[in-house]
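> As a plain string of letters, each chain reads:
2 protein chains.
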Amino acid sequence: MDELLERLRSGLPDEALISDPDVARSYDRDMAGFCEAGTPAAVVLPRTVDQVRHVMRTATALRVPVVPQGARTGLSGAANASDGCIVLSLTAMNRILEIDPVDRIAVVEPGVVNADLSRAAQQYGLTYPPDPSSWETCTIGGNIGTASGGLCCVKYGVTAEYVLGLTVVLADGRLLRTGRRTAKGVAGYDLTRLFVGSEGSLGIIVEAVLALKPKPPAPLVLAAEFPSAASACAAVCAVMEQGHTPSLLEIMDRTTLRAVNRLGSMGLPESTQALLLCAFDTPDPSADLAAVAALCEAAGATEVVPADTPAESELLLQARRMSLPALEALAPATMIDDVCVPRSRLGDMLDGTAAIAERHGLTIGVCAHAGDGNTHPVVCFDHRDADESRRARASFDEIMALGLELGGTITGEHGVGVLKKEWLATELGPVALEFQRGIRETFDPLGILNPGKLF
Amino acid sequence: MDELLERLRSGLPDEALISDPDVARSYDRDMAGFCEAGTPAAVVLPRTVDQVRHVMRTATALRVPVVPQGARTGLSGAANASDGCIVLSLTAMNRILEIDPVDRIAVVEPGVVNADLSRAAQQYGLTYPPDPSSWETCTIGGNIGTASGGLCCVKYGVTAEYVLGLTVVLADGRLLRTGRRTAKGVAGYDLTRLFVGSEGSLGIIVEAVLALKPKPPAPLVLAAEFPSAASACAAVCAVMEQGHTPSLLEIMDRTTLRAVNRLGSMGLPESTQALLLCAFDTPDPSADLAAVAALCEAAGATEVVPADTPAESELLLQARRMSLPALEALAPATMIDDVCVPRSRLGDMLDGTAAIAERHGLTIGVCAHAGDGNTHPVVCFDHRDADESRRARASFDEIMALGLELGGTITGEHGVGVLKKEWLATELGPVALEFQRGIRETFDPLGILNPGKLF
Numbered sequence: 001m002d003e004l005l006e007r008l009r010s011g012l013p014d015e016a017l018i019s020d021p022d023v024a025r026s027y028d029r030d031m032a033g034f035c036e037a038g039t040p041a042a043v044v045l046p047r048t049v050d051q052v053r054h055v056m057r058t059a060t061a062l063r064v065p066v067v068p069q070g071a072r073t074g075l076s077g078a079a080n081a082s083d084g085c086i087v088l089s090l091t092a093m094n095r096i097l098e099i100d101p102v103d104r105i106a107v108v109e110p111g112v113v114n115a116d117l118s119r120a121a122q123q124y125g126l127t128y129p130p131d132p133s134s135w136e137t138c139t140i141g142g143n144i145g146t147a148s149g150g151l152c153c154v155k156y157g158v159t160a161e162y163v164l165g166l167t168v169v170l171a172d173g174r175l176l177r178t179g180r181r182t183a184k185g186v187a188g189y190d191l192t193r194l195f196v197g198s199e200g201s202l203g204i205i206v207e208a209v210l211a212l213k214p215k216p217p218a219p220l221v222l223a224a225e226f227p228s229a230a231s232a233c234a235a236v237c238a239v240m241e242q243g244h245t246p247s248l249l250e251i252m253d254r255t256t257l258r259a260v261n262r263l264g265s266m267g268l269p270e271s272t273q274a275l276l277l278c279a280f281d282t283p284d285p286s287a288d289l290a291a292v293a294a295l296c297e298a299a300g301a302t303e304v305v306p307a308d309t310p311a312e313s314e315l316l317l318q319a320r321r322m323s324l325p326a327l328e329a330l331a332p333a334t335m336i337d338d339v340c341v342p343r344s345r346l347g348d349m350l351d352g353t354a355a356i357a358e359r360h361g362l363t364i365g366v367c368a369h370a371g372d373g374n375t376h377p378v379v380c381f382d383h384r385d386a387d388e389s390r391r392a393r394a395s396f397d398e399i400m401a402l403g404l405e406l407g408g409t410i411t412g413e414h415g416v417g418v419l420k421k422e423w424l425a426t427e428l429g430p431v432a433l434e435f436q437r438g439i440r441e442t443f444d445p446l447g448i449l450n451p452g453k454l455f
Numbered sequence: 001m002d003e004l005l006e007r008l009r010s011g012l013p014d015e016a017l018i019s020d021p022d023v024a025r026s027y028d029r030d031m032a033g034f035c036e037a038g039t040p041a042a043v044v045l046p047r048t049v050d051q052v053r054h055v056m057r058t059a060t061a062l063r064v065p066v067v068p069q070g071a072r073t074g075l076s077g078a079a080n081a082s083d084g085c086i087v088l089s090l091t092a093m094n095r096i097l098e099i100d101p102v103d104r105i106a107v108v109e110p111g112v113v114n115a116d117l118s119r120a121a122q123q124y125g126l127t128y129p130p131d132p133s134s135w136e137t138c139t140i141g142g143n144i145g146t147a148s149g150g151l152c153c154v155k156y157g158v159t160a161e162y163v164l165g166l167t168v169v170l171a172d173g174r175l176l177r178t179g180r181r182t183a184k185g186v187a188g189y190d191l192t193r194l195f196v197g198s199e200g201s202l203g204i205i206v207e208a209v210l211a212l213k214p215k216p217p218a219p220l221v222l223a224a225e226f227p228s229a230a231s232a233c234a235a236v237c238a239v240m241e242q243g244h245t246p247s248l249l250e251i252m253d254r255t256t257l258r259a260v261n262r263l264g265s266m267g268l269p270e271s272t273q274a275l276l277l278c279a280f281d282t283p284d285p286s287a288d289l290a291a292v293a294a295l296c297e298a299a300g301a302t303e304v305v306p307a308d309t310p311a312e313s314e315l316l317l318q319a320r321r322m323s324l325p326a327l328e329a330l331a332p333a334t335m336i337d338d339v340c341v342p343r344s345r346l347g348d349m350l351d352g353t354a355a356i357a358e359r360h361g362l363t364i365g366v367c368a369h370a371g372d373g374n375t376h377p378v379v380c381f382d383h384r385d386a387d388e389s390r391r392a393r394a395s396f397d398e399i400m401a402l403g404l405e406l407g408g409t410i411t412g413e414h415g416v417g418v419l420k421k422e423w424l425a426t427e428l429g430p431v432a433l434e435f436q437r438g439i440r441e442t443f444d445p446l447g448i449l450n451p452g453k454l455f
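Chains A and B are the protein sequences, given in the same order. With the first letter of the first sequence counted as 1, position 388 gets the number 388 in my numbering; the numbers rise by one all the way through. With the first letter of the second sequence counted as 1, position 355 gets the number 355 in my numbering; the numbers rise by one all the way through.
Don't read these hints as lab results, they were simulated from the structure. Among the hints, a few may not be true.
[To be verified] Each computed PhoX-like pair below joins lysine-lysine, with the alpha-carbon atoms no more than 25 Å apart:
#1 K215(A) with K421(B)
#2 K215(A) with K213(B)
#3 K213(B) with K213(A)
#4 K421(B) with K213(A)
[To be verified] Per the computed footprint, the stretches of chain A lying under chain B, defined by three or more beta-carbons under 8 Å from a beta-carbon of chain B, are:
#5 188-195
#6 399-411
Note that the coordinates shown come from a computational prediction; the quantities given were computed from them, not determined experimentally. Cβ atoms here follow ideal geometry from the backbone N, Cα and C, with glycine treated the same way.
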């Protein structure tokens, strides 16, 4: 242990190394529940690529596991420490190195906060679309590592689609450059994409070239109340089948609505079983909203409220933004799931989740990126109650089983981490898992990069 | 050899196996020039996944190389046979298995022709955007294998962005399923993306889940004549910097224009040094074209012609569609390059290519997917003239060197094949190449999948 700290210290400035056990322990986990975390031997906060290389050379020489971290807003335990590891926090490498409005790219260090990049891009009339809920705190490196999504994915896609090239420090400290800064390029296997969602298991991302998009007009939002989750999901299917391209298409179920009502007195009628929110950032959003309003009414909506101004739209979105805090206020602990199904099966997913909640006598509120079929069932429970914790975990697992049964995936945007390792193996099957392992061994033959995560 | 044919025959219907040497030889190459091709031992045209598995099991048992082929419209020799190989043509597996307008996906076999899928999707109000020039003949499997692009990429992106999941027969005949049929999903490393552009070196794609988009309105096109390539490129930069999203943004250089004039009497003034074509499929394309017209005039355009109708637009696009045949009519042989640079460097790329042509005393016409910075310099030469062939190859290489110098890539959308192997190594460098090789060995430890291609 002393040797580890000594070696680390030899290539790092004092402020980049935290060896005090109490402070180091505060870096032990991300925001996932149900997940174990160990005690790191050291926390390093490098500011340069060379410092990261020094850390990785040291880790390789001493065979010490390295756990890379961003803002630790992750929801699957992918950034949780293991005992005796080096926690490698990239948060201090937070410079935006370049924004080019002609090439529509940004070059950034991994610790740049998502919202900071968005704001910087806006000065050039551009935007960085991926918008995880934690966008005010989460980092680009963490977004890439977990392949994160967000509210606007239904129109603008996920993080993966915005990563053009990467600079990576490999397990042994060597430098790997992947991808490009051009709009297109097919030179060899797509190593860039391989790193997106790799949860720190293939290398340490120290720089990224990101695609930017022209900033769209401010969106207008519509809210529609439905007498059942099924009818709201039918409206979602109709909107997509009719060829609309909303920039946001969300559903909140009854449990979520009641929780939001309780927290914020939104005044939603208690008889409402599901709320659909739909936004357009098109040239004529009112016309698009009118078309969607008609589809909602045809699907059985009891009330349809289209906003006339961006300010009204913001108010309607408040309910969605309050969903997670409102559900968290219902119980001492919550666990958020992340099952994505074909959108045609969304109704079955919501009804099935409600049945699981009832069977286990638990409160499970669902908000969903409905346009993508990506549901976030939030299991509310008392972690001090062993039986309730057991039932919470069982329902969490049953939700994933249901998602797979409906042709979906166990994770639409939160990743695998330690939380869903067993389920990843189930979803992939033995052949795919064998090749996942093979790729990992190619990049990390000593097994020091975030071991115990993914598989 | 007899054993190979006998074993193949044991698991294939008669019509799926071609052993006649003359017929087999007709499958020896794709449409790339400069590329060697060997003589296949057999050509198989399976119709089922099980037949493909039988072929791969046989190839593994006998250690015989397998060269997968689609429509052989490729431009890098990736589908060229090697001596004694099995050519595995997927063209007979050409069924569209499913189109789902709610989930906006298609499930297809690899031999489906790109245009057939597009037409089938249109019946649901949908479109499959990737549109390589060969779209009337090329296959989806070939598109995925080479990660092909097209004219609409500037707005709609490349093939890679539309491949959600794959079924793959591995080198040893096992079946691998990758990806998903949901809009989002991050379960493990993105093996799907790894196969896109892998040129048959990792496995045989036997089924693909593809994303579809709502069919956009018919585009309107504008043509603008410029007194120099540099001024046309400046207009491209201005269009992109101002936040426009054209569905097509092409440049044809002077050499291409003259060739088109000669072939089709387009009546373009011979003083025109570059023609820019810009299309919008937005709700109000006339307004967008008017904005672009102003930017073109500010950049020095001598003539700007916006179309008022889709029919007029089609006429303007004719010149672009005729570019390649018109250049091919200039010389006994042509070789098409595929360098992609940051669009801010497009002017330097075009001027540099003209200088290379002049230095070598050759005709090189350039058409470019200008919005993406993806240039296609077409080197015209007489392949019966040894010195001219040498100069043609030298200029071809110098164009790639120039592309790399400008921060670009040696291939924007055509792939590597055998044509650009050495240049791939140059672009990637030794570290990236080591990991490319490592991945290949993971999937193909015996080295029987399209050996000699890529690297």
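> The structure should be examined with respect to each hint, and the outcome stated for every one.
Comparing the hints with the structure gives:
In summary, the hint linking K215(A) to K421(B) is not supported, as the alpha carbons are separated by about 39 Å, beyond the 25 Å threshold. At most 25 Å may separate the alpha-carbon atoms for a hinted pair to count; K215(A) and K213(B) meet this at roughly 21 Å. Of the supplied pair hints, the one linking K213(B) and K213(A) holds, its CA atoms being roughly 19 Å apart against a limit of 25 Å. This hinted pair does not check out: K421(B) and K213(A) have alpha carbons roughly 33 Å apart, beyond 25 Å.
Figure legend: the region 188-195 of chain A, annotated as covered by chain B; annotation consistent (6 residues with Cβ-Cβ distances under 8 Å, at least 3 required). Look at the region 399-411 of chain A against chain B: 5 of its residues bring a Cβ nearer than 8 Å to a Cβ of that chain, three or more, so the hint holds.
Of the numbered hints listed earlier, those contradicted by the structure are 1, 4.
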